[in-house]
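There are 8 protein chains.
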Amino acid sequence: MKKIKEVNCDLNRNSRCGFPEFIYGEGKTFEQIKLAICEIRKNNDPVLVTRLDRNVGKKIKKLFPDGIYDEYSRVFFIKSKKARNNPGKITIVTGGTTDLPVAYEAKYTLELCGFSPTLLPDSGVAGIHRLLENTEILQNSDIIIAVAGMEGALPSVIGGLTASPVIAVPTNVGYGSSLGGLTAMFAMLNSCANGITVVNINNGFGAACAAIRMLNRYLSNRLSKSPLLPK
Amino acid sequence: MKKIKEVNCDLNRNSRCGFPEFIYGEGKTFEQIKLAICEIRKNNDPVLVTRLDRNVGKKIKKLFPDGIYDEYSRVFFIKSKKARNNPGKITIVTGGTTDLPVAYEAKYTLELCGFSPTLLPDSGVAGIHRLLENTEILQNSDIIIAVAGMEGALPSVIGGLTASPVIAVPTNVGYGSSLGGLTAMFAMLNSCANGITVVNINNGFGAACAAIRMLNRYLSNRLSKSPLLPK
Amino acid sequence: MKKIKEVNCDLNRNSRCGFPEFIYGEGKTFEQIKLAICEIRKNNDPVLVTRLDRNVGKKIKKLFPDGIYDEYSRVFFIKSKKARNNPGKITIVTGGTTDLPVAYEAKYTLELCGFSPTLLPDSGVAGIHRLLENTEILQNSDIIIAVAGMEGALPSVIGGLTASPVIAVPTNVGYGSSLGGLTAMFAMLNSCANGITVVNINNGFGAACAAIRMLNRYLSNRLSKSPLLPK
Amino acid sequence: MKKIKEVNCDLNRNSRCGFPEFIYGEGKTFEQIKLAICEIRKNNDPVLVTRLDRNVGKKIKKLFPDGIYDEYSRVFFIKSKKARNNPGKITIVTGGTTDLPVAYEAKYTLELCGFSPTLLPDSGVAGIHRLLENTEILQNSDIIIAVAGMEGALPSVIGGLTASPVIAVPTNVGYGSSLGGLTAMFAMLNSCANGITVVNINNGFGAACAAIRMLNRYLSNRLSKSPLLPK
Amino acid sequence: MKKIKEVNCDLNRNSRCGFPEFIYGEGKTFEQIKLAICEIRKNNDPVLVTRLDRNVGKKIKKLFPDGIYDEYSRVFFIKSKKARNNPGKITIVTGGTTDLPVAYEAKYTLELCGFSPTLLPDSGVAGIHRLLENTEILQNSDIIIAVAGMEGALPSVIGGLTASPVIAVPTNVGYGSSLGGLTAMFAMLNSCANGITVVNINNGFGAACAAIRMLNRYLSNRLSKSPLLPK
Amino acid sequence: MKKIKEVNCDLNRNSRCGFPEFIYGEGKTFEQIKLAICEIRKNNDPVLVTRLDRNVGKKIKKLFPDGIYDEYSRVFFIKSKKARNNPGKITIVTGGTTDLPVAYEAKYTLELCGFSPTLLPDSGVAGIHRLLENTEILQNSDIIIAVAGMEGALPSVIGGLTASPVIAVPTNVGYGSSLGGLTAMFAMLNSCANGITVVNINNGFGAACAAIRMLNRYLSNRLSKSPLLPK
Amino acid sequence: MKKIKEVNCDLNRNSRCGFPEFIYGEGKTFEQIKLAICEIRKNNDPVLVTRLDRNVGKKIKKLFPDGIYDEYSRVFFIKSKKARNNPGKITIVTGGTTDLPVAYEAKYTLELCGFSPTLLPDSGVAGIHRLLENTEILQNSDIIIAVAGMEGALPSVIGGLTASPVIAVPTNVGYGSSLGGLTAMFAMLNSCANGITVVNINNGFGAACAAIRMLNRYLSNRLSKSPLLPK
Amino acid sequence: MKKIKEVNCDLNRNSRCGFPEFIYGEGKTFEQIKLAICEIRKNNDPVLVTRLDRNVGKKIKKLFPDGIYDEYSRVFFIKSKKARNNPGKITIVTGGTTDLPVAYEAKYTLELCGFSPTLLPDSGVAGIHRLLENTEILQNSDIIIAVAGMEGALPSVIGGLTASPVIAVPTNVGYGSSLGGLTAMFAMLNSCANGITVVNINNGFGAACAAIRMLNRYLSNRLSKSPLLPK
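Residue numbers (numbering that gives the first Met the number 0), protein chains in the order written: chain A, 0 to 230; chain B, 0 to 230; chain C, 0 to 230; chain D, 0 to 230; chain E, 0 to 230; chain F, 0 to 230; chain G, 0 to 230; chain H, 0 to 230.
These are computed hints drawn from the structure, not numbers from a lab. Honestly, I wouldn't trust all of these hints.
To be verified - These stretches of chain B come out as covered by chain E in the derived footprint (C-beta under 8 Å, 3 or more residues):
no.	stretch
1	24-33
2	178-188
3	192-202
All C-beta atoms in this analysis are idealised placements derived from N, C-alpha and C, irrespective of residue type, glycine included.
Using the sequences and the hints given, assemble the complete structure.
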């Protein structure tokens, strides 16, 4: 059988969308991921592979030793040499310690694109003082990424405390009727705090991309349309 | 066709369960409800019909003019003459104004059984100060009934603020992915605050009965096993 | 029975969140809505009631003749006299004509808060040229609100064409396995275009509030922290 | 990368809620659990880790040899030296033998807080005599925790036999349309016995906490507000 | 447009299945039902129309005055003149009064086929004595049809009390998480009592047909293969 | 407010897709439908409005008296004068009489595009002889559209009898666990007969369009790429 | 900790229900199953353990070498010495080969209780001739157990061919939208063939018990109430 | 126990349906698959086993060394010697690289039946130019098989670009609210592009069979009814 080119990277996504094509790792073979990384590197874009399981991850790390593989959040990334530090205060809050892998996925994505987010872990609403004592940090954030599983109440309380954009990330933390994170996701979509937006379950990466879209728009205006990401 | 006796009231429920048989009004004909009320009155129990729609409700009110029919909460009730005032601080909190019919269903049930609950409406988590300024009332309550729709976050925050028993009542307030109240219900069942218990969607009546079970137990111990409800 | 104050408006929400308390109309009685409007007007905030059905809507319009009631989108609003025109290019795109009530809900909310969104109706992906011929408008938008029912593919295509923030609003347009809009909502949450965020089904209002959060942040920075909304 | 403090224990929960922060073990790393246990012990609170899988459980047990790890119910706990014996008759009933791990989770939680529950296993409604012959025990209980999977009918029958508070715990015992315990949970939420409250699937721990909230309230009243749990 | 013959009755179903083609009334026009009844009468079979709404039902009754239309259970039927009385003790039990329309649908179907079922209404498990005092009737039944909504526990208890075949009929009695009867249906399918079989929600008719299949088999053996139904 | 052009017809769809833009009637206002019809007529395309409810339908019929409005299937259509008769044997089979509105929707769509389908109503699998006696018609069909609700078994049996393409249309005929047609739809998607394809619930229109796509391809090849539909 | 007796066998179930307590193996420990088998054997009842996984199954077989463990259907059983051969023609039909483990579970259960079922495997509706050529066997069966996954159409076709009782057993054979067998189960519950009853997914055991209930009733009448199962 | 013949191949399916009985591999034992292959080979039909897991697949390959086992798509096949090359342009498009196993299942099925499909991988709508640059290939295809997971938007865009039949294959690529492919499947069933048909999740095989049904019909007409597949 003739060999089919199985990977077809979207190499001008950076100029269109403000971030390059990142690689969805789950279900891809080692060969497919290797091929995609090579294409992206040729383009001088930073490399990010999400949801990359241990077995393939370790082999990829061995092949690209300048990259970092974090098994806990299943992320592999290679920073671009031209990366710069962007302004923009992004705060990532988690309901519990168990939500951290998702928060790290967001954090690595943002850092790869030149942002320096602050992480406030374990601030769930069952001990609301932990959240309230950070009210000022929250109100001074340009964007808040709120990561929570179980009943997903965190973004509602944050949304009521601040005027900042809040991106809610449901996680699959919980069991039984948490329905693999659907309960948190549905709760966030029905927040009584107005103007909360939501991404898929465990999608820390998507929340980071949404934040980059917002900050890109903001920065590109202030900075005379200069591109946000390293070229 | 021979006439079947369609209603078979459980007339000794009061002595077994601490409250008499109440009547589930939805889907019952006027004749069936009338028959059930008559049996219960013969037994000298207080009468409560829940989920009773307007058409039948008005006819029942006309037939039993000493009863009260509240169309807003769809409740019909006739107080027993031997009702007494029971101790016990019960607080009913609602997330929004729209949750009130469910809160009233709980309130009427409790009042019929001799309790005097306090109602704190419109205290949702998007304006958390409204809840926090009532912290003392909540902490002094023997039982808190927390009624909320949408994302159902209210009981989680209350549960973290107090040591009191919290009975969570999800409501069908919301739309789309609120799933007719399932989202609030699932959220409450997955509360990160420990020890929250939950009843069916819109089941203010059930929450009241659960509160009565708890207070009955408490009172019967202190009051030498005397029955709570009027006989 | 003593009269309970059923409405407890969160009158400092404007200073905390950048928009005042708006009123969720569904399931509220005429009296409750009237009371809420009066409180908000006393506070000199603009008035917005969403999901307000015809019967109550007409009575509210009669009582507050300076307001506008749009039966098609079920929105009632009264502009504040101090409203000003805010900068910010917001584009609202709909998949089909049938999605328009939701788009109008977003449009009215934005206009009430001083923004002037552009509306591009009937641009679904089954005639992709209709979308592609507006690529420049989309790429020049500060925020895009993409409203679609059925398979909800619109935000994915837009997200791939632009670097702007995209807020996806699923609608209940469709039947059978559209599951009242859940299919569009799930599809949007699983968009292969990165960084799309999603609000509840038919929640044009929520999308507008999310846009206001983003633009508020942007404007408050550029405009030396001056508040966005009229006080 | 700077090390983030990933665990942020809520160390005054005992005074607020009547029980200390317990640790949700699922999805936490060995390091995170170790850190949390250390913080709680410094506070002199009893330690409870739920849903702790075998691999991590065994390492934790090795590190804290004064604790007990029960692999069957996935619970690890360390009793506080100041534990005392509280009054209060709590009965835990299970539908089948297979529901026992959940019942043990409840039992260990209660014992850690100084209560001495009675366990009646394998009393499902298909052999109703097994339940009826324990009617007196049930009626004399201050609280009944009813644990059942499959069709979840147990709490309905118990609720009809007694005036005591009944906390229903659905389990995931069953297969196919038992839907991982959702069927039992939905059934319990729709009990025709009034005043049954429900916790999440397999949440024996939560049922125990709810029981503690009730008994705490009762005891603190009778015992002049003295705190229930050891300090 | 040429007229299509829209109804194509299966007129030899009686000889194949032991009961004739009955008519599913929901969604059929008056003309279609009229046509179907005429065909069945020409065949000298008894007529049964289920789920027939008021408007069409009244017109059908006017056209076929020898038939009976019961609006409560939405059943229309015309007895065959050759009907005979079959042996076989069938007991129909209902959980509550509100389940009666479904029980009547079963009862009419059985009576039309020559059986004389006994109806025990309002025997739900929350007052288990009401069921236990009928234990002997249940044990002497050739078939038990157990009709219940809400948590659907009735068949489990009956199945544990008797050796008779139990056909469980879930009803849509309940609200919220009763999910329109799905909760009762799932519960019955997961009964811990062995050998319970289940039909669709509200399908009293189907339960009756299942009973007829069983009794037909029994009778045809004893009565030398003579057909059960009138020809 | 400036008037927005709410309808944006895709007037070259006929040349791209082989059929013109048809109008989805549900949820559109009278004005929107009128505007869409006018645009399509200017283009000399045939007009089809599906899912058009009685009130609007009657007004549209009055405005366009050369069109036909069939209330039973909720279809309005105006034939193009240049319509021609296309070859191609299409057979529409329904499980029951109650599935007919969906079958008619398919039939009208096909006829509008110049095809002459055969309709075999009321051929459900409970009387399998009714299907088997039409085996030859089925095997000689170029395309079979199988319309069924309830358990949706019809396409599986047809698919096993023939080599022709089978398009399965689930309907919402049924109640309870038919889940508004989802059960039939899921069943058809899981057919043990290979190569069955499925459209949305009640989507007779979509099945007809799929048939047109197939026949167009076939005809355009044989007929030297001449367009199928009238221009 | 004091040892709790974790198993509480219902040893008079045979006299009440016509079959002894059988053991649900899933989720039970080796010790629990061993204990239950010992109790049942002391009672001289036949032993049946269902859903018993390989690891425990092999240890149980070693302990009770007179029993048979079938890994394919996960059944362990020990025949009673007093077993007798009961009359009654039971036919078990499966849609495909992959449904066989469920069919064997039914077969072993029936054989243990003295029946001799006939098994017709791989008779799915996609090759309907395979079913039709067995029409006579089906029509002569006292009970038919129809086992099928995927779209679950088998019982509908069988139900239309025969007057015998049909017990439908959905299996989890299939993938994707077969939803682990829910699709087959829902389809069977919505059968257009009247009088089909359904058990839980993969519940061959339950279907066998239902068959025993029916045949017991029949036999006990004919055989002067003598008990069916060996004592 | 007497040995039952567990496999009952439908050996004349080729003449009835245009393709032979293929083997569903999942859940079958090695012995069952071996037996089925032997029967099919005796009939001189080509052999295809789908969803065949690694362990059994390797043993089958060893036994039938002239076959090919592709572990990636879980397909085993043995070409028939009489295979011929059929005309017909079939294009298989995938949204992403991760959808490839499903695309290969379709490709192998088509090739086994003598077709030569073209595969266009990784053409998702987030980089719509990748699809648009293949517009001509798509418009010249006799059939398009569109394979996509996540939001499943691909077939909608393709359906709007072409007049060809489009068979949509949802895949389980995605996580969280992709619901194992249900989201993509529901989206495809609700496509705003008319005339898209859908098969089960991951059912590349079924899509290929549907394509064969269509092409068979076309070819048999043009080629005087000569059978498509090798005999």
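The hints, checked one at a time:
no.: 1; hint: 24-33; verdict: holds (count 5)
no.: 2; hint: 178-188; verdict: holds (count 4)
no.: 3; hint: 192-202; verdict: holds (count 4)
Hint compliance for this structure: every hint is met.
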